[in-house]
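Colleague: Take a look at the letters that make up each chain.
There are 2 protein chains.
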Amino acid sequence: METQNLETILDMQNTVITPTDLLNHWQGHRRVTRRVIEAFPEKELFSYSIGGMRTFAELVNEMLAMAVPGMKGVVTRSWDQYNDASGLDTKEGMLKRWDEATSAINEYWTQIPAGRFQEVDVAFGQWKGRIHETLSYFIDNEIHHRGQGYVYLRSLGIEPPAFWDRN
Amino acid sequence: METQNLETILDMQNTVITPTDLLNHWQGHRRVTRRVIEAFPEKELFSYSIGGMRTFAELVNEMLAMAVPGMKGVVTRSWDQYNDASGLDTKEGMLKRWDEATSAINEYWTQIPAGRFQEVDVAFGQWKGRIHETLSYFIDNEIHHRGQGYVYLRSLGIEPPAFWDRN
Numbered sequence: 000m001e002t003q004n005l006e007t008i009l010d011m012q013n014t015v016i017t018p019t020d021l022l023n024h025w026q027g028h029r030r031v032t033r034r035v036i037e038a039f040p041e042k043e044l045f046s047y048s049i050g051g052m053r054t055f056a057e058l059v060n061e062m063l064a065m066a067v068p069g070m071k072g073v074v075t076r077s078w079d080q081y082n083d084a085s086g087l088d089t090k091e092g093m094l095k096r097w098d099e100a101t102s103a104i105n106e107y108w109t110q111i112p113a114g115r116f117q118e119v120d121v122a123f124g125q126w127k128g129r130i131h132e133t134l135s136y137f138i139d140n141e142i143h144h145r146g147q148g149y150v151y152l153r154s155l156g157i158e159p160p161a162f163w164d165r166n
Numbered sequence: 000m001e002t003q004n005l006e007t008i009l010d011m012q013n014t015v016i017t018p019t020d021l022l023n024h025w026q027g028h029r030r031v032t033r034r035v036i037e038a039f040p041e042k043e044l045f046s047y048s049i050g051g052m053r054t055f056a057e058l059v060n061e062m063l064a065m066a067v068p069g070m071k072g073v074v075t076r077s078w079d080q081y082n083d084a085s086g087l088d089t090k091e092g093m094l095k096r097w098d099e100a101t102s103a104i105n106e107y108w109t110q111i112p113a114g115r116f117q118e119v120d121v122a123f124g125q126w127k128g129r130i131h132e133t134l135s136y137f138i139d140n141e142i143h144h145r146g147q148g149y150v151y152l153r154s155l156g157i158e159p160p161a162f163w164d165r166n
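So the protein sequences, as listed, match chains A and B.
The end of the first sequence is residue 166 by numbering that gives the first Met the number 0, with every number in the run present.
The end of the second sequence is residue 166 by numbering that gives the first Met the number 0, with every number in the run present.
Next up, chain A with everything else stripped away, as it sits in the complex:
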């Protein structure tokens, strides 16, 4: 038991990423996702899909439903019910909401309690895991669904933004 604790402590001291690194990583991905939203024609953003999957707008609603409400739960330890009904029906409105989320995430990030990333919690009262896993889930889910968006764009004959460019 003591040996295992020591190993865990040494493992924790070998810093992989700092909190600021993780924020920059997420916001870098969110800049790419914003460009994918922009690349969709207005009509197809809300109507186009392949193989019976959701439209890209519906996928963006999911990302938005996780991001700021998720950060609120991370910071306050109090979770609202998950709700991805955004009421958005224009590209302009969606980009505006996206930018508001960018600021809100930055704002919440500075308020994450020390040690919080390794705490176990139940996100949205439903999904149990350590906070770093919950945050990774938000980011990975965005990458996953944005990957779908790339296929939608390509099949519409539209060149998607570069995956590797996070600026």
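None of these hints come from the bench; they were simulated from the model.
Source: prediction; values computed, not measured.
Copies of one chain are not kept apart here, so a pair can be met inside one copy or by any two copies together.
In silico SDA-like links for lysine to any residue, alpha-carbon gap of 20 angstroms or less: (1) K71 - A113; (2) K127 - N166; (3) K127 - H24; (4) K127 - D164; (5) K71 - T19; (6) K127 - F162; (7) K95 - E57; (8) K127 - N23; (9) K127 - G27; (10) K42 - T54; (11) K127 - D20; (12) K127 - R165; (13) K127 - A161; (14) K127 - W163; (15) K127 - I111.
Following the hints, position chain B against chain A.
Modeller: The following block gives chain B in isolation, referenced to the frame of chain A:
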């Protein structure tokens, strides 16, 4: 300058994820990707695509080209040239190569030098960044292209594995 250094040190001590967390995170994603490879019919794995994109086999070759050769560079600080010609042309052979990579990644992981995650290096002699960014790139690239694979499967009428199940 001193204030900034102090902030960086405090930021680094607020552990986000441990090295072991990151390995588990990656291998969890790799288990999902393995199930996506398995879900493809043999013929479509090597031939099917949408909108002129690469086949899923070509995307898997890219993941394989980053994973073990990347870990070799992370551990040894010596990088081979990037090469995604796998020579694989059967699903069985691809799954076998995938499983060999799983073991090799685990093996290399225990040898990552202390402090290495925050070092700047030039991956494959081409891509500059901190090692944690390089590793995130390998993982994110896999999630991104696997997301494409989900659309390929859905458009073939095949249910993809659950994104959230990493076991």
